[in-house]
Structure formats: C-alpha cells, structure tokens
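Enquirer: Given next are the chains, with one letter for each unit.
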Amino acid sequence: MAQEKTYIEDIERTLYDIKNVDKSKYKSQSGLTEDIIRDISARKNDPEWMLEFRLKSLEVYNQLSLPNWGPDLSELNMDEIVTYVQPDAKMTGSWDEVPEDIKDTFDRLGIPEAEQTSLAGVGAQYDSEVVYHSIQEDLVKQGVIYTDMETALHEHEEIVRDHFMKLVPPKDHKFAALHGAVWSGGSFVYVPEGVHVEIPLQSYFRLNAAGAGQFEHTLIIVEKNASLHFIEGCSAPKYNVTNLHAGCVELFVNDGARLRYSTIENWSRNMMNLNTKRAVVGKDGVIEWVSGSFGSHVSMLYPCSVLKGENAKCEFTGVTFASKGQNLDTGASVIHCAPHTSANISTRTISKAGGKATYRSAVKVTKNAPYAKCSVNCESLMLDDISRSDTLPTMDIEGDEADIGHEATIGRISDEAIFYLMSRGISEDEARSMIVRGFVEPIAKELPLEYAVEMNNLVNIELEGTMG
Amino acid sequence: MEKLLNIKNLQVTVADNEAEDASKEILKGIDLQVNKGEIHVVLGPNGSGKSTLMNAIMGHPKYEIAGGSLEFEGEDLTELKTFERARKGIFLSFQTPEEIPGITVENMIRTAKQAVTGENIKVVKFRRELKAAMKELQMDESYAQRYMNVGFSGGEKKRNEILQMLMLQPKLALLDETDSGLDVDAIQIVSNGVKKFHNEDNACLIITHNTRILKQLNVDKVHVLMQGKIVAEGGPELIEKIDKEGFGFLQGAE
Chain A
1 MAQEKTYIED
11 IERTLYDIKN
21 VDKSKYKSQS
31 GLTEDIIRDI
41 SARKNDPEWM
51 LEFRLKSLEV
61 YNQLSLPNWG
71 PDLSELNMDE
81 IVTYVQPDAK
91 MTGSWDEVPE
101 DIKDTFDRLG
111 IPEAEQTSLA
121 GVGAQYDSEV
131 VYHSIQEDLV
141 KQGVIYTDME
151 TALHEHEEIV
161 RDHFMKLVPP
171 KDHKFAALHG
181 AVWSGGSFVY
191 VPEGVHVEIP
201 LQSYFRLNAA
211 GAGQFEHTLI
221 IVEKNASLHF
231 IEGCSAPKYN
241 VTNLHAGCVE
251 LFVNDGARLR
261 YSTIENWSRN
271 MMNLNTKRAV
281 VGKDGVIEWV
291 SGSFGSHVSM
301 LYPCSVLKGE
311 NAKCEFTGVT
321 FASKGQNLDT
331 GASVIHCAPH
341 TSANISTRTI
351 SKAGGKATYR
361 SAVKVTKNAP
371 YAKCSVNCES
381 LMLDDISRSD
391 TLPTMDIEGD
401 EADIGHEATI
411 GRISDEAIFY
421 LMSRGISEDE
431 ARSMIVRGFV
441 EPIAKELPLE
451 YAVEMNNLVN
461 IELEGTMG
Chain B
1 MEKLLNIKNL
11 QVTVADNEAE
21 DASKEILKGI
31 DLQVNKGEIH
41 VVLGPNGSGK
51 STLMNAIMGH
61 PKYEIAGGSL
71 EFEGEDLTEL
81 KTFERARKGI
91 FLSFQTPEEI
101 PGITVENMIR
111 TAKQAVTGEN
121 IKVVKFRREL
131 KAAMKELQMD
141 ESYAQRYMNV
151 GFSGGEKKRN
161 EILQMLMLQP
171 KLALLDETDS
181 GLDVDAIQIV
191 SNGVKKFHNE
201 DNACLIITHN
211 TRILKQLNVD
221 KVHVLMQGKI
231 VAEGGPELIE
241 KIDKEGFGFL
251 QGAE
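Protein sequence lines correspond, in order, to chains A and B. Heads up: the first sequence is residues 1 to 468, going by UniProt numbering. Heads up: the second sequence is residues 1 to 254, going by UniProt numbering.
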C-alpha cells in the first residue's frame, strides 16, 4: 500500500482571528520602566500600597533572569511589548452599554449567549480592562462577590491586600514579578462560608491589540464548606508581532471547600503564554483543575496545588494540542504538606505538523505529609514523524508511607488498531479520528460543554493520498 | 449452493522485518471455496499460515497477494480496502483483539453497524438488540459503556468479538482462534454464539487448535494447512484423526 498522509485539522481559528480596529483610549509606551509603572498605577487610581507593590515587583523583575529550562523565550523582547492598553469603554453590567465592536467580539465567542443559558455570572475583559461584569441577584444576596480586580481593590481592599500575590509572590519567577508590576484586570470571586454556587461563573479574556501584553489577575476565595465552578476562556487574533500573556491566578480553597477551575486557552500563534496558577487547599478541601491548552506560540503553564490541610485533595485533568510552530510546555505540580493528602493528575498531549508538546510535572511530599497519595498518568500521542512529545516528571518524596504512582506513555496511532476498526467497516480516516477522539475522551468529558464540542471539532480528519 | 468465498492458487507474502527489501512467502498456493450455510475449519500447526490466510482475506496491509485470486460473491477482493471488504459482509474475529481507549463498546459497535449497513442506526432499538446479544453471551450489561477491550480479560475480549459478529451479521465470519485461552464454560458460550449466528445464508471459517469447540458445531469441511499449503481435506472425521494422532501422519503428504 502506498504511503498515505493523514491530516488532523487544526482548530478552526476563523472565529478567533477576526480583529477589531484598535480603538484603545490609552496605550502605555512599549517597554518596562518605572515611569510606565507609575503611569499605569496612577491611571488605575491604585492605593499607595499597590503602587509600592508594583515598583518592588519591577525591582525583582530586573534582578531575575529568564528560566534556564523549558522553551526558548529569546524571541520575547519586553522593550516592544505594550503592557497596558485601556479600551475605550467603561465597565458595565449591561451589554447594551458595551461599545458595538467589542460586544460583537464577545457575541461571536458566544459569551452573552452562554450567560443566558448556563452561567450564573460573567466577566469579560478586552485588552487590559474588564468591560462587562454580571452576577445573578440571588448569589449577591448570599454574599457572593464576583467582580473585576480593580473594583475589588477599592471595595474589598482588605481582602485583596491579605491575599494578593501571597500565593504567587513576585520573586517566584521573572514573569510573576512582571505580573506584579503591570497587572491589570482579571476577576475577583469571594464565596462565603457554606454557600454553594451551583451554576458556573465564567470570565473571558480577549486580547485585541497587536504587540500588547495581557496581565490579568484572578483571585478566588472559597470559604469553609463552600463550593464554586469557575470557567476561564482566553483568545486573541493573530498578528505578526509577539503578544504576551502573563496572567496570575491565586485560588484559596478553605477547609471543606471545593473549587473547580476550568480553563480553555486558545491564544493565537503569535502569543507567548507564560501564566502562573496556584491553589492552596485546606483540610478536607478539594481543588479540581481542568486545563486545555490549544493555542499560543509558546506556553509555559504548570498549575500548582499546595495541599496544606489534612485530607486535602487535588484532581488535575489537562489536555495540550501542539501543532505547527507551537511549543507547548505544560504540566502540573503538587505539594503535599499535610497527612493523608491526595492528588490525581491525568493529562493527554497531542502533537502534529512539527509541533512540540512537553508534559512537565513536579510532585513534592514534605516530611509533614505522611500517608500522601499521588497518582500521575500522562499520555502523549504523536500524529506524525516530525512532531515531538516529551514527558518530564520529577518526584521528591520526604513523607513516610507515601503512595506514589506514575505512568507515562508516548505513542503513535497503531496500525493494528486502525486495521481492527477498518475490519468493522469503519473507513481509515474515521478510524484515525475515533482513536484520537478516544485518546482525549477522558479529558473531553470534563470540559464545559461548548468547549468539549470545540475540542471534538479539532479531531475532524481529512484523508489525502493515492493508492499505488 | 451459492458460493461466498472463492480462493484460487492464493500466494501471500509478508514484508520481512529483518531485511527491508525481502519478503517472505507464507501461503504458497491455496484453494478454498466456502458456500453459504457452511462451516469450514482450518487446522494446522503453529506457523503454517492460518492467521495469514485470515489477514489476507481481510486485507491487512502487511500481507501482499503475490499471485492467485481472492473473490467474494464473485467479486475480486484484492483491490478493496479492509473497510470495503467489511462492508461487503466479511468479519474477522481477532486472535488478539485491539484495545481502543476512549471508545465505548456500544459506540464502537453502533458506528460499525452504521458503516456496514450504510443506515442511520436508531439508538433505542440498537440498545435493545445489544442488550439481548450481551445476555446471550453472558456479558454484563455494564460492558456496553466500557472502553473497547480496555481492562478486559482474554475471555471477555473474545466474547466481545462474538458480540460484534452477532450485531453486525456478516455473510462470512472468520474466526481466528476465538476459542484459544478460554476455559470450558467460555468455550461453551462462544460456541453457542457461533451457533446462534450461523444460518443457511451465512458461513464461518474457523481456525482453532482446540477440537472441543468443533464437537459443538456442525462442521462441513476441514482443511489442514501445513507450511503454506493445504495438505489434506475432509469431513469432520479428519478432526478426530488429528485429535488422536496429531499432524504427524500428514508429513510429506504434499
């Protein structure tokens, strides 16, 4: 039989690639200087301590060097990145008040529609600022707060001050420091003790301006015995210049609380996505991460769970799809700090057309965490000979009686499996697509519905070739 | 009687992994005819080419037809791809069924049924039929929602093959050592499955080492394959002879 080529289509990007004319009201100069930081801070009307925090972060940024591992970041030139782009819109609770072009963008992304059918609250950020926010009235009555970070900084200053970048300190790494200096926008969620938010909240981050950075900060506090499902979506149209995303997510899951944090990242192929996410979980608390990385040119993303209270749990489910020109370095880390803490990490990565997908995990069990349980399962599928997949797990076990399991497989679609499906009457292209779909199925079933559909679309397969 | 499978002087080679250009001849001229309503058995020692015959009929890309003809219902099969042969009504029960993670048994069989019939299969009716067939094979219903063969025992995988055969209703079922590695009870269940499947409009071609399963079925014809050639043919009495004496008496029969 002659050589045949099978193409797994890329994610349909037309929807995301529609760019609006840049009508921003204000843009900072490109680059990173003290003056620029002071300017951003003044425009945002920061309290004094926040300005100081930003300036200190800048100092840390200047002291730290780029990571000496992972993807090459030398293409990123901070002198060319515009760190603050203020859209010409005020934050509002009514879509009618959102400028037409911005509203159209979110319409196309299906945000207002999802808000009506399946969400209890929505935040929409356009470039550096949040332009729309809403939350259902009954949640407000129960004391739930869901707003943009700027509003939270002024209306709930004490809470923000007590938590802001406490979990991810600026000195953590260079891009955490950068975030501390120039952060803008993002979401603040507070769920009071015992309150269960039954319907998800969703924030959507859209970066429209070319050559800009987006540095939104997400701070979520779920108090004792409360629960929340938070969804985050991100996208941007493609430009020929590098865009940068260096967000920061801090999740506080208190005793007996449960938080499910789902992210689907579909950045364009000119995006450097250097994002930091961390959760701390109290006694009997549960953090569930669902993480889909589909877009961007380069990604470095390793959500971390600090299991601080006895019996705290982490469930991590991730999928990464790297195609041509993409180097996606993703994974997860867990730090067991208390007895009987447990973690379950399950990831799938697919690489095609020369894309590179790396799974990186770190599991640490401290002396204070006897009887820790952790199971890591990462599977990679390479769809052709020019793509690459790696798995790089590390483990550091100090606690007694730890039960740690790790399974990693890297494979290709087996010819025998194709033959098996074909012997049942299923065509070759459908057989391949079934195998790929089956491969990501354990992850797809965890995704919010609209994103699961999107992921299924990406495994639509086209067969091309000749018999001879 | 209506001819289903007609094989004449079939020669099959397989690419030799050791030397890239070289290929090894495994079947050295086979003649075999299977009519509707018949059950045929192929016996033979390990390495005699039995599985190669099955794979060649099904169109496995690793096996190349070097000569002879292979027809199904009067139509040349050699130019057809595996899935096209399946749609013509040929089914292979694998010796080692593949595991397909993420695809449930129900989803797989329904997709396959749509592919072979070319019809949209209604879920409710399909489920009812699947449930009945599973009951027949003493498979727990919950297996319908499990991923294809993943975590199945050897016996469960074989039962799952028979389940697919019952659901897809092929005209010709090739069973490649479906009974191997099964205990007495499982063999009983599998042979009941074959009995349930078989009727005057279809046919079975069975490879086995185990003559026990054959006692349960009305075998029409036995072919003995050795070193890529059919060295003896006969009725069910041949089974008993081989059972007692082994293949030794056939050495040099060619």
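To be clear, the hints were calculated from the coordinates, so they are not data collected in a lab. Check the hints yourself; a few may be wrong.
Stated by the list, open to error - Each computed BS3-like pair below joins lysine-lysine, with the alpha-carbon atoms no more than 30 Å apart: (1) K215(B) to K196(B); (2) K224(A) to K324(A); (3) K445(A) to K196(B); (4) K445(A) to K36(B).
Stated by the list, open to error - Computed footprint of chain A on chain B, listed as stretches where at least three residues anywhere in the stretch have a Cβ under 8 Å from a Cβ of chain A: (5) 3-14; (6) 110-124.
This one's a predicted model, so the numbers in the text were calculated from it and none came from an experiment. By construction, the Cβ of each residue, glycine as well, lies at the ideal position given by its N, Cα and C atoms.
Enquirer: Take the hints in turn and mark each one as holding or not.
Expert: How the hints compare with the structure:
1. K215(B) to K196(B): Distance ~15 Å between K215(B) and K196(B) Cα, so the pair holds.
2. K224(A) to K324(A): 45 Å, violated
3. K445(A) to K196(B): 37 Å, violated
4. K445(A) to K36(B): 45 Å, violated
5. 3-14: violated (count 0)
6. 110-124: holds (count 4)
Comparing the model with each numbered hint stated earlier shows that hints 2, 3, 4 and 5 do not hold.
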